[in-house]
Amino acid sequence: MTALRAWLSDPNPASRRQARLGQAWLAWQRIQRNRLAMAGLIIVAILLLVAAFAPLIAPHDPLTQDLTRRLLPPGTPGNLLGTDDFGRDILSRIIYGARITLYIIALVAVTAPVLGLLIGTVAGYFGGWIDAILMRVTDIFLAFPRLILALALVAVLGPGIENAVLAIALTAWPPYARVARAETLTVRSSDYIAAIRLQGAGAPRIIAGHVVPMCLPSVIIRVTLDMAGVILIAAGLGFLGLGVLPPTPEWGLMISSGRKYLFEQWWVATMPGLAIFIVSLGFNLLGDGLRDVLDPRSASR
Amino acid sequence: MTLIEIENLTVTFRSKGREVRAVEGVSLSVGARESYGLVGESGSGKSTILRAICGMAPVTGGTIRIGGQPLPTPRGRAFSTEVQMVFQDPYASLHPRHTIDRTLSEPLAIHGMPDRDARVVQALTDVGLPPAFRFRYPHQLSGGQRQRVAIARALMLRPKILLLDEPTSALDASVQAEVLNLLNRLRAEQGLTFLMVSHDLAVIDHMCDRIMVLQHGRTVEEIHREDLAGARMTTAYARSLFDASADRMLGGTTETAP
Amino acid sequence: MSLLEVRNLRVTFDTETGLVQAVRGVSFSLGHERLGIVGESGSGKTMTGRAVLRLIRPPGRIEADAMTFDGQDILHASEREMRALRGKRIGMVMQDPKYSLNPVMTVGRQLTEGLRLRDGLGRADATAKAIAALEAVQIRDPGRVMDAYPHELSGGMGQRVMIAMMLIPEPELLIADEPTSALDVTVQAEVLSILDRLVRDRGMGLIFISHDLRLVARFCDRVLVMHKGLVVEEIAASRLLDAKHPYTKGLLNCLPRIGGPRGPLPVLDRAGI
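In the order they appear, the protein sequences are chains P, Y and E.
For the first sequence, the numbering used here gives the first residue as 1, with consecutive numbering after it.
For the second sequence, the numbering used here gives the first residue as 1, with consecutive numbering after it.
For the third sequence, the numbering used here gives the first residue as 1, with consecutive numbering after it.
Read the hints as simulated data drawn from the structure, not as lab findings.
You can trust all of the hints, since none of them are fake.
Pairwise CB distance ranges (calculated):
| # | chain 1 | residue 1 | chain 2 | residue 2 | range |
| --- | --- | --- | --- | --- | --- |
| 1 | E | 83 | P | 149 | 52 to 58 Å |
| 2 | Y | 42 | P | 49 | 58 to 64 Å |
| 3 | P | 128 | E | 119 | 53 to 59 Å |
| 4 | Y | 8 | P | 28 | 57 to 63 Å |
| 5 | E | 196 | P | 5 | 55 to 61 Å |
| 6 | E | 33 | Y | 14 | 50 to 56 Å |
| 7 | Y | 12 | P | 126 | 18 to 24 Å |
| 8 | Y | 121 | P | 5 | 23 to 29 Å |
| 9 | P | 33 | E | 119 | 44 to 50 Å |
| 10 | P | 33 | E | 57 | 16 to 22 Å |
| 11 | Y | 31 | P | 12 | 39 to 45 Å |
| 12 | E | 138 | Y | 74 | 45 to 51 Å |
Chain E side only, calculated, beta carbon under 10 Å to chain Y, not exhaustive:
| # | residue |
| --- | --- |
| 13 | 184 |
| 14 | 187 |
| 15 | 211 |
| 16 | 213 |
| 17 | 250 |
| 18 | 251 |
| 19 | 253 |
| 20 | 254 |
| 21 | 256 |
| 22 | 257 |
| 23 | 259 |
| 24 | 260 |
| 25 | 262 |
| 26 | 265 |
Predicted model only: the values in this text are computed from it and were never measured.
Yeah, the Cβ is synthetic: ideal placement off N, Cα and C, and Gly gets one too.
Isolated chain P (complex conformation) (with noise of 0.2 Å):
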């Protein structure tokens, strides 16, 4: 273990790869001093594990119904945080829809700021009409408030699942594109880019790898903001019946049937709530002490 740490914070390291990684280590441990940011990852964390061993832990199937158990409130043996109108355990469902919020989250993130990022630095590094016209297509996307867009994406394209994460990101990359873009314009005119220029190096390299590294972390940041708008969208559309259809455990889908029953069996809806909530938490704290880790202007102290 001492080794390992000291051959991670090798001054001098002996290749690309060690040097990649003494950074990496380097950005943990900062991660590492800021407590909320570390309960974030902890929550993030268990939302994965949670998603990958659902099986295991899952007390219940998610999908059984057993109608002579409905509605039993929380703390009922066998069922921890009580049942559904169906009778479903709330527990085993919530713990079945970590993985639909979770696909739905991976599908959100590996396309919409990849989209953002690519539109924000062409328009950024080009400049002249190539920014007018890519930027007046942001504009356009973003004048449409986001969960009307999303409704009237999946109103076209049909309710489902894959058709709502479509819907999310073609809502979520104007603000990506917007960032990267304002990132490209300040790193453009600095002089390391005037120096690859000098080297001969034509625009798709410059762009790849030495504008976009320089968006990646404000775009990272903003991508673990997001997340939490992303789940509670997602939770949207599915409470309005457009996104997840059932009887596929979405926390949003859950909320929503549950709400015939708040005044009376309040955990039906609660119990998701509660989730939803601790999630989307977890991914803001992530979020701002990644902003510590991540952001160039703190890095380089």
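Given the coordinates of chain P, assemble chains Y and E onto it according to the supplied hints.
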């Protein structure tokens, strides 16, 4: 043999409908293996001339020829192997998220050159840095070490001409001496031609054979090193620069010291 | 009696990587004279200047055996007492006027604000005094400068305004931290001669902090050479060329000179210091 020929160069920046002439009708010629200095105060257009050569400033008049050939626009890859530049601020001219290795090997990758590993190690040794620094990041280096890396990068493609834009003005005096010595050694070893910009007359005098004094984008006076040392300048502005030069202040104290 | 007395000043920063000592025991006393503090980046010269005004922010810490200004203990003075000293009795000029002047207020307003609030002067009196201060730093049309915003001034002009602003309350001590480094050489000379004349005429004490040994030598009576948080040499400016310490000598020799020899410049031997 003349290597750099600039004739009647004019650079005009346009912003918000206003035109600013940063350089106006400047002509100069630099022979191969010569070291030529541009000196002036802020706003004199001295750095703009270097940027115009690199195609990074809007040339609105005049011609620039390298080795007798007018420069193409955009400058293209052949230009990179002829002319390179060292920037003023070593903190801003190295990519903060690239290792020294990547910074130095990228020009080789762009031009498809072989033996990258060996060349990077050689380049580090040439500028007096230990090869162990190869995988460090810029923030793990001091200002002087960064400027050495920037010089190494500029020389990766074996250019004939090095444009030096205030290469030591962001450095401490003791580090400045080391970097100036390094530049002089490299010039001798690699047969380089320097076109150097500085606000410090003493630095320019130490480095260059011929010096052009600029003010408000125009040539004030072109002067030889010997004439400068003998204070034989013909214009009042060049003389006022000479009189205000910091190294004269110390000379003043020497004379009055008992 | 000395104006400022500093004994064994230490400035420590508590960072992630442990304690960093920026100043490691600096002592000096200053009368009504011009004291230069010279050093390279990281020598602690700026921190020394700021510590005198207690302008070090946490995680930085100031410690000293004693620090007195005109007989008053400024090491243990309350923040309120320090505020009464700063600007009024001890002025400070920083390197770049761009960051020291408020960009959304006219120069005139910034100059007169203190006079009107602190000294309770009327508008006309304050304006007259501000114009006089601008004239003292050889600004030719003070009326125009009074109405200008900081971005409308050149670097040299801005620095003169800063000096004027510092001089209005007629401080007994002026701390100038690289006041001319951002300026062109010809402007630099002018600003220095203005500063020089003011110090002479008004009998102020001056601490002139700079990286440029030559500048300090011409301009000051006495020079402290700092290296890595310590004073390595204290010497009369006129005798600088007889400096004994290898670091001072190295700093002097490594500078190129017009008409000097063409060979490699002597390099500072860092191992020997």
